[in-house]
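Residue strings, one per chain:
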Amino acid sequence: MRADAMSGTRLLYNLRFRAILYQVIAVAGIVLLGLYLFSNVSQKLAEQNIATGFGYLSREAGFVISQTLIDYKPTDTYGRAILAGIVNTVWVSAWSVVLATILGLVVGIARLSRNPLLAFLAFLYVEALRNVPLLLYLFLWYALIVTSLPSVREAWEILPHVFLSNSGLTVPSLVWTSAHTTVLLALVFGGILGVIFHRRATAERIRTGNVRALWPWIVLAVLLPPVLALLLVQPDFAVDLPEKGRFRLTGGAQLRPEFTALLVGLALSASAGIAEIVRSGILSVRKGQWEAARALGLRDGLTMRLVVLPQALRVIIPPLTSSYLSLFKNSSLAIAIGYPDLVMVSNTTMNQTGQAIEGIAIFMLVYLGLSITISVFMNWYNSRVALKER
Amino acid sequence: MIQPKSMVRWLAMSLIASVAAVSAAPASAQSTLDTVKKRGKILCGVSPVAPGFSYADDKGVRRGFDVDICRAVSAAVFADPDKVEYVPLNTNVRFQAVQSGEVDILSRQNTWSFTRDASLGLDFGPVVFYDGQGLMAPSKLNVKSASELADAAICLLPGTTTLQNLEDFFRPKNIKYESVVFENSDEWRNAFFNGRCDAITTDRSDLASVRAIANDPSQYVVLPETISKEPLAPTIRQNDPNWRDILNWSVYTLIGAEEKGVTQANVDEFLKSEDPEVQRMLGVNGDFGKMLGLDNKWGYNIIKSVGNYGEVFDRNLGPKTRLGLTRGPNELWTKGGLLYAPPFR
Numbered sequence: 001m002r003a004d005a006m007s008g009t010r011l012l013y014n015l016r017f018r019a020i021l022y023q024v025i026a027v028a029g030i031v032l033l034g035l036y037l038f039s040n041v042s043q044k045l046a047e048q049n050i051a052t053g054f055g056y057l058s059r060e061a062g063f064v065i066s067q068t069l070i071d072y073k074p075t076d077t078y079g080r081a082i083l084a085g086i087v088n089t090v091w092v093s094a095w096s097v098v099l100a101t102i103l104g105l106v107v108g109i110a111r112l113s114r115n116p117l118l119a120f121l122a123f124l125y126v127e128a129l130r131n132v133p134l135l136l137y138l139f140l141w142y143a144l145i146v147t148s149l150p151s152v153r154e155a156w157e158i159l160p161h162v163f164l165s166n167s168g169l170t171v172p173s174l175v176w177t178s179a180h181t182t183v184l185l186a187l188v189f190g191g192i193l194g195v196i197f198h199r200r201a202t203a204e205r206i207r208t209g210n211v212r213a214l215w216p217w218i219v220l221a222v223l224l225p226p227v228l229a230l231l232l233v234q235p236d237f238a239v240d241l242p243e244k245g246r247f248r249l250t251g252g253a254q255l256r257p258e259f260t261a262l263l264v265g266l267a268l269s270a271s272a273g274i275a276e277i278v279r280s281g282i283l284s285v286r287k288g289q290w291e292a293a294r295a296l297g298l299r300d301g302l303t304m305r306l307v308v309l310p311q312a313l314r315v316i317i318p319p320l321t322s323s324y325l326s327l328f329k330n331s332s333l334a335i336a337i338g339y340p341d342l343v344m345v346s347n348t349t350m351n352q353t354g355q356a357i358e359g360i361a362i363f364m365l366v367y368l369g370l371s372i373t374i375s376v377f378m379n380w381y382n383s384r385v386a387l388k389e390r
Numbered sequence: 001m002i003q004p005k006s007m008v009r010w011l012a013m014s015l016i017a018s019v020a021a022v023s024a025a026p027a028s029a030q031s032t033l034d035t036v037k038k039r040g041k042i043l044c045g046v047s048p049v050a051p052g053f054s055y056a057d058d059k060g061v062r063r064g065f066d067v068d069i070c071r072a073v074s075a076a077v078f079a080d081p082d083k084v085e086y087v088p089l090n091t092n093v094r095f096q097a098v099q100s101g102e103v104d105i106l107s108r109q110n111t112w113s114f115t116r117d118a119s120l121g122l123d124f125g126p127v128v129f130y131d132g133q134g135l136m137a138p139s140k141l142n143v144k145s146a147s148e149l150a151d152a153a154i155c156l157l158p159g160t161t162t163l164q165n166l167e168d169f170f171r172p173k174n175i176k177y178e179s180v181v182f183e184n185s186d187e188w189r190n191a192f193f194n195g196r197c198d199a200i201t202t203d204r205s206d207l208a209s210v211r212a213i214a215n216d217p218s219q220y221v222v223l224p225e226t227i228s229k230e231p232l233a234p235t236i237r238q239n240d241p242n243w244r245d246i247l248n249w250s251v252y253t254l255i256g257a258e259e260k261g262v263t264q265a266n267v268d269e270f271l272k273s274e275d276p277e278v279q280r281m282l283g284v285n286g287d288f289g290k291m292l293g294l295d296n297k298w299g300y301n302i303i304k305s306v307g308n309y310g311e312v313f314d315r316n317l318g319p320k321t322r323l324g325l326t327r328g329p330n331e332l333w334t335k336g337g338l339l340y341a342p343p344f345r
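Here the protein sequences line up with chains B and S, keeping their order.
Just so we're aligned: 298 in the UniProt record's numbering is position 298 of the first sequence, and the numbers increase by one with no gaps anywhere.
Just so we're aligned: 312 in the UniProt record's numbering is position 312 of the second sequence, and the numbers increase by one with no gaps anywhere.
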């Protein structure tokens, strides 16, 4: 390289330098524009006498949210109300993802079945769910639950103390205390210990070929922590039985129709998309793999589980990520059927405080943050199942 | 492929253009009256569907009590009540629509409250309807009072003062209840009609609308308690005193005309009235219209095209309509109500 290669004019002709320069200019431009817009908005809001800032988050919310996972009372702050909304959003999305994945896998495989009736039914399922907007399905499921089930006063007692009505499914519940949480944590800890023991035993067996009787240790590892915790904290196993009050069933745990309709709606519509993704993934695995597996004497189910699906996953995971993302974002339709998710709580907050810009900013941050979390997790999983070329 | 040089130029240009556009837009604060006159019509924010207050009739023409307030202002400004474009707004976007200038007047069932007045960059016109939040339950539940609603499920709409009023009412009584909140008012009503909730709550005027829609209105009973004060008032942007005066005095003209017995039918005869206040109100005497930047006949135009307050009320909400509301507090002060127009002098 000549000495003058790094002088100013030369540098400008350096392709790599130019590429970086353009990107820096672009980013700086966008940042400047953003700052400008922000200062402009703040100035105009101040001129119009509109309150700004996030100070309102620490004011008392003063409204009831009926279905929360975390403790929330109307005397809590707007910040906590919004947090309760976020937790509700995550809760319903997470369960929907699990349900949709299982259903989608089953239906996707069924679509490829050699049984024409089964394949046709799966085809109908997919087409019916993919070609109608989710919102209409949400209204449909909700209307079905609310109109077809009896009112609370005529609730069906399907099992002793288990009631089904248009206010949901009510079951007896344990009176949960911190002692129960301790035992549950100990149980999880024991489970993790058990897995670690099991893995080590397997590794040991592969390395040495010795089959050592490790199972008593594993059982001990799994059971010891919870048993110890039980003896230590001695939780009280009181049961809260639902009873018919004047209007509602009081006590017990409740699966409400708003949550159920949203869960079913999200899971079913996403499962149709996932079924198609699974089908394309399976079809992408060459026929020779099936034949080879059969030649080894594997039955169809085992071939699917051990040979085909692991290879199909490479094709399945990336579009599956976008399915999960849209499911999660679609959960914001909850407001249409009265489930208190982030959008509903934020809307109420925005209206009571009038601070819409801040409210929307929180929305965007939360949805962006959670979406990125899902993407990062799925990308990690994708790199794990990706074909490893050796 | 785009050449790097042209791309930089493009980027720079678009950046300059966007900054220029952003800074140019809000720079000149024109008076609302000028803007409205130049545009040739008033943009009026109303409820999408609220029988009696704002709804489209079978010919698709928007009608109702809130609509008539905008028609009165239009008559004052343009001598024509129909120079109005209606913008249906739900509870979530209504105030932003006023702040951003999307509408010139928000004539909707919205409550005048301290925070809204002081922190939202809004001004409120005179109260056009004195309302209060109430509760309604199916008559078969045999509920006599809202205080009996312990453990009941109550259907609500979001984004109003409703949710907090309910809490303020029940909390001191230590009554627990379940709230079920809907964004969409159709779903909200249906959930109540289908028995998902034991009671429904909103302003009493709105309860009357809900009841009017029910298959059998007699199966629902409005409970006696009024749990809040809901003075419903039209809303405009802050810092335009002239526009505010126009709105205020258009409403006061409706009220004042009723007090003086001036109606849509007899307003022409009243032009010959000896009463000096009526003469000023109708623009026979004085320069009252000019003071507002309007035609002197503005008051006459309002009454001639929409009638007085009582006529507007009877036509949209009164006992002969589906809503069947009585005047209650919305009666003239001379008849024991709360409606009072300052003197036209």
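Just so you know, not all the hints are guaranteed correct.
[Claimed, not checked] Listing some non-contacts, in silico: residues in chain B with all C-beta distances to chain S over 10 angstroms:
(1) 50
(2) 58
(3) 94
(4) 198
(5) 203
(6) 258
(7) 296
(8) 317
(9) 321
(10) 336
(11) 347
(12) 351
(13) 352
(14) 363
(15) 367
[To be verified] Here are the simulated SDA-like cross-link-like pairs (lysine to any residue), alpha carbons at most 20 angstroms apart as the crow flies:
(16) S:173 <-> S:248
(17) S:297 <-> S:345
(18) B:244 <-> S:151
(19) B:44 <-> S:32
(20) B:244 <-> S:326
The hints are simulated quantities; they were obtained by calculation from the structure and are not laboratory data.
All values reported here derive from a predicted model rather than from experimental measurement.
All C-beta atoms in this analysis are idealised placements derived from N, C-alpha and C, irrespective of residue type, glycine included.
Report task. Classify the label on residue 258 of chain B as holds or violated, using whether its beta-carbon is more than 10 angstroms from each beta-carbon of chain S. Result -> Residue 258 of chain B is in fact no farther than 10 angstroms from some Cβ atom of chain S, at 7 angstroms.
Query raised in the report: Hey, residue 173 of chain S versus residue 248 of chain S, does the alpha-carbon distance stay inside 20 angstroms?
Result: It is violated: about 39 angstroms lies between the C-alpha atoms, which goes past 20 angstroms.
Requested in this report: Assess, step by step, whether the Cα of residue 44 of chain B is no farther than 20 angstroms from the Cα of residue 32 of chain S, and give holds or violated.
Outcome: Distance of about 17 angstroms is within 20 angstroms: holds.
Query raised in the report: Can the restraint linking residue 244 of chain B and residue 151 of chain S be considered satisfied, given a maximum Cα separation of 20 angstroms?
Result: Holds, because 11 angstroms separates the two Cα atoms, which is no more than 20 angstroms.
Query - residue 297 of chain S paired with residue 345 of chain S [C-alpha distance capped at 20 angstroms] - result: Measuring from Cα to Cα gives roughly 16 angstroms; hence the hint holds.
**Report entry** Status of residue 367 of chain B, Cβ more than 10 angstroms from any chain S Cβ
**Finding:** The claim holds: residue 367 of chain B sits with its nearest Cβ about 17 angstroms from chain S, beyond 10 angstroms.
Query raised in the report: Once the closest CB in chain S is found, is it more than 10 angstroms from residue 203 of chain B?
Result: holds (54 angstroms)
Query raised in the report: Closest CB-CB distance from residue 321 of chain B to chain S, is it above 10 angstroms?
Result: holds (29 angstroms)
Query raised in the report: In terms of Cβ atoms, is chain S entirely out of 10 angstroms range of residue 50 of chain B?
Result: violated (4 angstroms)
Query raised in the report: Would you say residue 336 of chain B is clear of chain S, with no C-beta pair closer than or equal to 10 angstroms?
Result: violated (6 angstroms)
Report task. Take a quick look at residue 58 of chain B and tell me if its Cβ sits farther than 10 angstroms from every Cβ on chain S, holds or violated. Result -> holds (16 angstroms)
Query - Separation of residue 296 of chain B from chain S, once the least beta-carbon distance is taken, above 10 angstroms - result: holds (51 angstroms)
Figure legend: structure checked against the earlier numbered hints; hints not met, in rising order: 1, 6, 10, 11, 12, 13, 16 and 20.
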